[in-house]
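Given the sequences, and given the hints that come with them, work out the whole structure.
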Amino acid sequence: MKNLKPNFSHIYVEKDAIEYPLAKIALSKFTGSTIIKVDHYKDVFNRKGQNFQMQKLSMKLILAKKREPLLYEGSGMIQDFDTPNVFYNTPILNCLYNCDYCFLQGMYDSGNLVVFVNEQDMMDAIDARVSDPKDSSKPTVVSISYNTDLLAMENILPLSRRWIDYVRGKKDTIIEIRTKSALFNAISDMNPIDNVILSWTLSPESICSQYEAAAPPLKRRVNSVKNALADGWKVRLCFDPIILVENWFEIYSRFFNELFVELNGNQIKDVTLGVFRMNKDYFNRIRKRDPKSDIYFSEYSIEKGIVAVESQERELAMNEIQNILTDFISKDKILIWK
Amino acid sequence: MIQKLQCLITALKAESEPFIHHLKLEKDNSFDFPCFINQRLNVELIGVGVGKKKIESRICDYLMSKSHEIVQFINIGVAGGKKDKTNIGELFLINEIHDENSTQKYYPDILIDHDMTESSITTVENPIHDGGKKYDTLVDMEAHEIFSICSKFVPNHNIAIIKLVSDYMSGHESFPKPSTVSELFIEKMDEIIHFINQFKLIDKMITPILFEKDMAWVKNAKKKYLLTVSQVDQLIKYVKGYRLRNNENPLPELEIQTPKTKKNQKNTFNFIREKLKT
Numbered sequence: 025m026k027n028l029k030p031n032f033s034h035i036y037v038e039k040d041a042i043e044y045p046l047a048k049i050a051l052s053k054f055t056g057s058t059i060i061k062v063d064h065y066k067d068v069f070n071r072k073g074q075n076f077q078m079q080k081l082s083m084k085l086i087l088a089k090k091r092e093p094l095l096y097e098g099s100g101m102i103q104d105f106d107t108p109n110v111f112y113n114t115p116i117l118n119c120l121y122n123c124d125y126c127f128l129q130g131m132y133d134s135g136n137l138v139v140f141v142n143e144q145d146m147m148d149a150i151d152a153r154v155s156d157p158k159d160s161s162k163p164t165v166v167s168i169s170y171n172t173d174l175l176a177m178e179n180i181l182p183l184s185r186r187w188i189d190y191v192r193g194k195k196d197t198i199i200e201i202r203t204k205s206a207l208f209n210a211i212s213d214m215n216p217i218d219n220v221i222l223s224w225t226l227s228p229e230s231i232c233s234q235y236e237a238a239a240p241p242l243k244r245r246v247n248s249v250k251n252a253l254a255d256g257w258k259v260r261l262c263f264d265p266i267i268l269v270e271n272w273f274e275i276y277s278r279f280f281n282e283l284f285v286e287l288n289g290n291q292i293k294d295v296t297l298g299v300f301r302m303n304k305d306y307f308n309r310i311r312k313r314d315p316k317s318d319i320y321f322s323e324y325s326i327e328k329g330i331v332a333v334e335s336q337e338r339e340l341a342m343n344e345i346q347n348i349l350t351d352f353i354s355k356d357k358i359l360i361w362k
Numbered sequence: 531m532i533q534k535l536q537c538l539i540t541a542l543k544a545e546s547e548p549f550i551h552h553l554k555l556e557k558d559n560s561f562d563f564p565c566f567i568n569q570r571l572n573v574e575l576i577g578v579g580v581g582k583k584k585i586e587s588r589i590c591d592y593l594m595s596k597s598h599e600i601v602q603f604i605n606i607g608v609a610g611g612k613k614d615k616t617n618i619g620e621l622f623l624i625n626e627i628h629d630e631n632s633t634q635k636y637y638p639d640i641l642i643d644h645d646m647t648e649s650s651i652t653t654v655e656n657p658i659h660d661g662g663k664k665y666d667t668l669v670d671m672e673a674h675e676i677f678s679i680c681s682k683f684v685p686n687h688n689i690a691i692i693k694l695v696s697d698y699m700s701g702h703e704s705f706p707k708p709s710t711v712s713e714l715f716i717e718k719m720d721e722i723i724h725f726i727n728q729f730k731l732i733d734k735m736i737t738p739i740l741f742e743k744d745m746a747w748v749k750n751a752k753k754k755y756l757l758t759v760s761q762v763d764q765l766i767k768y769v770k771g772y773r774l775r776n777n778e779n780p781l782p783e784l785e786i787q788t789p790k791t792k793k794n795q796k797n798t799f800n801f802i803r804e805k806l807k808t
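Note that the protein sequences, when read in sequence, are chains Z and P. Going by our numbering, the residue at position 325 of the first sequence is 349; the numbering climbs one at a time, nothing skipped. Going by our numbering, the residue at position 220 of the second sequence is 750; the numbering climbs one at a time, nothing skipped.
Treat the hints loosely; a few may be bogus.
Short, incomplete list of chain Z residues facing chain P, as computed with Cβ under 7 Å [said to hold, decoys possible]:
{"no.": "1", "residue": "Phe54"}
{"no.": "2", "residue": "Thr58"}
{"no.": "3", "residue": "Ile60"}
{"no.": "4", "residue": "Lys66"}
{"no.": "5", "residue": "Val68"}
{"no.": "6", "residue": "Asp314"}
Just so you know, these hints were derived from the structure itself, not from any lab. From the three backbone atoms N, C-alpha and C, an ideal C-beta is built for every residue, glycine too.
Here's what the structure looks like:
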């Protein structure tokens with residue numbers, strides 16, 4: 025917007041974080057930004073009186089050092105990945121994209137981005153956990169892009185690249201980098217490895233433009249997927265959330281039919297499916313702020329603290345979507361949140 | 531229509547006078563402290579005196595008399611600057627606020643594009659006369675308290691602190707005369723007014739989901755169909771969903787009878803709800 029400061033016009037940096045290489049890279053990329061040194065990132069990120077959506081109009085960058093916990097148990101909101109050793113971490117808090125259905129707007133008071141610059145500490149925490157797994161016959165899966173879109177930041181900070189380098193040769197550790205970005209080219213010079221899953225969230229174009237307005241359009245995401253597959257990367261497709269808009273069956277049927285003309289389903293590692301769902305507290309917090317999205321003014325049921333499409337309706341929808349998808353991808357590769 | 535108001539906060543008469551004159555503000559005698567208003571521009575000014583002691587009571591008294599839903603506070607005042615880092619008459623937008631007696635720091639949200647230099651500031655209890663040796667920032671006697679109080683009432687993005695360097699903290703005799711302070715502000719008036727006008731635009735970026743006519747529709751439905759408080763809460767959510775799905779289309783006409791029984795009333799509410807799902 026014309027009369028607003030550009031994103032990252034201000035960089036708040038923890039005094040303890042300033043000497044880390046990632047902090048130096050960030051500061052070197054934004055030489056025109058105002059730098060403000062802070063004691064702790066929460067002094068800025070957790071301030072009272074912030075307006076998430078207002079801050080999204082002019083996002084600021086906060087560089088900080090992640091303290092314990094450095095690794096979190098996998099969330100019940102995600103699909104079952106056939107291993108109990110599922111974790112996530114938070115190299116970044118918040119996302120460049122700000123999709124309507126995203127839980128981050130209910131999780132955080134701030135729309136600003138926090139980048140934790142001590143990624144080696146987070147990597148060491150994973151190594152420690154992998155050496156003591158819940159089930160030693162299964163690998164440890166870590167989602168490193170759960171509270172952000174890591175690849176979307178790659179032109180600013182080479183985080184995905186560093187995480188891919190970290191996991192190279194670690195057979196018992198798998199990392200998932202989930203994204204809506206079209207920035208595969210930022211890592212396309214790297215050799216693909218089996219224990220990195222590049223996951224793209226894809227939606228029909230009408231859903232992208234209505235609910236994911238700041239993310240790249242579908243076509244550019246699909247191009248990135250095609251390039252990643254052509255280079256031999258393991259790719260997961262995430263049709264999650266499926267938004268049950270009017271005529272959703274026709275919209276998603278056409279979408280899958282067109283998508284799998286472009287992509288070969290046999291090359292896809294797996295797909296995840298799920299309807300819109302969100303922690304009840306986050307949902308209510310967002311709705312109180314009068315979001316400009318009808319998602320927050322539709323009818324849902326509440327099950328175990330989760331706001332979701334009512335169970336019968338979602339099972340029906342998931343079954344129907346699954347039926348369409350099995351024309352393109354084998355059923356055992358479809359992971360569903362029911 | 532949401533009423534929006536900008537309130538300038540000053541400490542000294544010499545700070546306020548240039549703005550009273552420029553913005554054609556008129557004294558509001560209903561307050562027992564300096565308060566000046568221009569209803570046409572929706573700009574007002576209150577004087578809080580030097581130091582912290584009267585800030586809370588004056589801002590609270592002021593707000594109690596206002597029915598406006600959105601108030602922006604802009605503190606405009608003088609500050610001491612370091613001689614080797616600042617110039618007399620230089621204008622700063624404050625991005626970090628310290629207090630010499632508190633560990634609490636404030637970070638105003640700076641969303642609006644502006645041409646001022648930014649700086650941090652430290653609020654002190656007593657005037658500094660040693661050149662500000664202890665401080666690496668601007669120094670004043672109000673900003674921290676003003677931010678602390680205003681942030682209890684309005685979001686951070688609706689508070690701005692603008693400071694003009696009046697002296698180098700080198701003793702009473704070096705502090706400029708009131709007329710000189712006013713002249714310094716007059717010199718920077720265009721720049722400050724430009725900022726104030728830009729700052730006003732922030733709240734235009736937040737528009738409510740429902741129009742006035744939507745709220746009138748809800749009010750009418752409540753009265754006609756004897757809706758309970760909880761049903762009205764639910765109805766507002768359905769109306770918001772309808773409005774977001776239907777842009778500016780009018781809400782549906784409800785040609786139904788006023789309910790006569792409790793069961794009938796529930797059915798009526800369900801009927802309205804279904805109508806709004808489209």
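Using 7 Å as the Cβ threshold, decide whether Thr58/Z counts as touching chain P.
holds (5 Å)
Do the numbers back the hint for Phe54/Z, that is, is its least Cβ distance to chain P under 7 Å?
Interface hint status for Phe54/Z: violated (15 Å vs cutoff 7 Å).
Interface hint check: Val68/Z, Cβ to nearest Cβ on chain P, cutoff 7 Å. Holds or violated?
holds (5 Å)
Residue hint Ile60/Z, partner chain P, criterion CB-CB below 7 Å
holds (6 Å)
Status of the hint placing Lys66/Z at chain P (closest C-beta pair under 7 Å)
violated (11 Å)
Per the CB criterion, is Asp314/Z less than 7 Å away from chain P?
holds (5 Å)
Taken one by one, the earlier hints fail for this structure at numbers 1 and 4, listed in ascending order.
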